[in-house]
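Residue numbers (the working numbering), protein chains in the order written: chain A, 502 to 655; chain B, 22 to 103.
Note that these hints are calculated values from the structure, not bench results. Where is the CB? At the ideal position from N, CA and C, for every residue including glycine. There could be a bad hint or two in this list.
Claimed, not checked - Listed below are the simulated EDC-like cross-link pairs for lysine to aspartate or glutamate, each with C-alpha atoms no more than 20 Å apart in a straight line:
1. 566(A) x 93(B)
2. 632(A) x 597(A)
3. 89(B) x 33(B)
4. 632(A) x 33(B)
5. 550(A) x 643(A)
6. 566(A) x 33(B)
7. 645(A) x 617(A)
8. 546(A) x 592(A)
What the hints assert, rightly or not - Partner residues aside, some chain B positions facing chain A, computed with beta carbon under 8 Å:
9. 58
10. 68
11. 69
12. 71
13. 73
14. 76
15. 81
16. 84
17. 90
18. 91
19. 95
20. 97
21. 99
22. 102
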Amino acid sequence: MIENSTPEISIQTADFSLADEVTLLEQDNAIDGAVVTFTGRVRNKNEGKNVTSLTLEHYPGMTEKSLAKIICTAKERWRLGRVKVIHRVGELFIGDQIVFVGVTSKHRQDAFAANEFIMDYLKVQAPFWKKESTEQGNNWLDAKVSDENKAAKW
Amino acid sequence: MIKVVFFAALREQLNCSELSLSGENLTTVADLKTELASKSDTWQQIFANSALLSAVNHNMVNSEQTIKAGDEIAFFPPVTGG
C-alpha cells in the first residue's frame, strides 16, 4: 500500500493525533478565529451486524487527485484558511480513527460549511472502499443512496 | 498499449488487479468495456453492471470518454470511504 502525503492531504496506514492536527491548523495562524474538525471512526455495528474490523482499499494517485479537487472547490466556495484531510487505509478495528477533516476560517460559518462539504464529497467521489469483517463473514460495503443525495444538495 | 486496473469487489470478482491491452480499435471506455466483457461469462456479467464506475488517468469519466495509447483506465464499484 503506497503512503502519500501533501501538506493538505495524507493517505496513511498509521493513526493520527487529533491534538497534533489541531495544533498544525492553529499555530502561527492569528487570522482565523474558527477551527472545525471532523473525525470518523469505526463503529461496532453496521446494519444490525457486529463488526470486528474494516479493511480500507484505495486507488493510489487518483485518491490524492480527487481529494485535491474537492479541497479546491471548497476554497472557491468559502473563505478558508487552512485545510487538512487525512484518510487511513488498511485494516482498522472498532473505535479506530478512519478519517479527519480540519478547516480553519475567519468566522465559523465558512469553516462549518466547508468541513461538511469536504466530507460529503469525499464520501461519494474519493476512491476508497470498505470491506467489513463481521461475525457472519466478510463483505464489501454498498454505497448508500443517502450519501449521494447529501452530496447533491450542495 | 493501455493499462487497465480494477479495485475492491470488482478486483476480487475478476481475480485480476491489472492488465495491459493493445488498445487498437478501441475508441472509448464503452469499447473497452465491450472488449473486456467478451473474455468470459463472468466478465460479461460484471461489465453489464451499470453501477460500475470508470476513471481515465485518475479522473472519473463516463463511458463515452475517448481513450488512447498510454492511458490508465480504472474500473471500480461505487466508493464507500469516509
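Which of the numbered hints are not met once you compare them with the structure shown?
-> 3, 6, 9, 10, 11, 12, 13, 16, 17, 18
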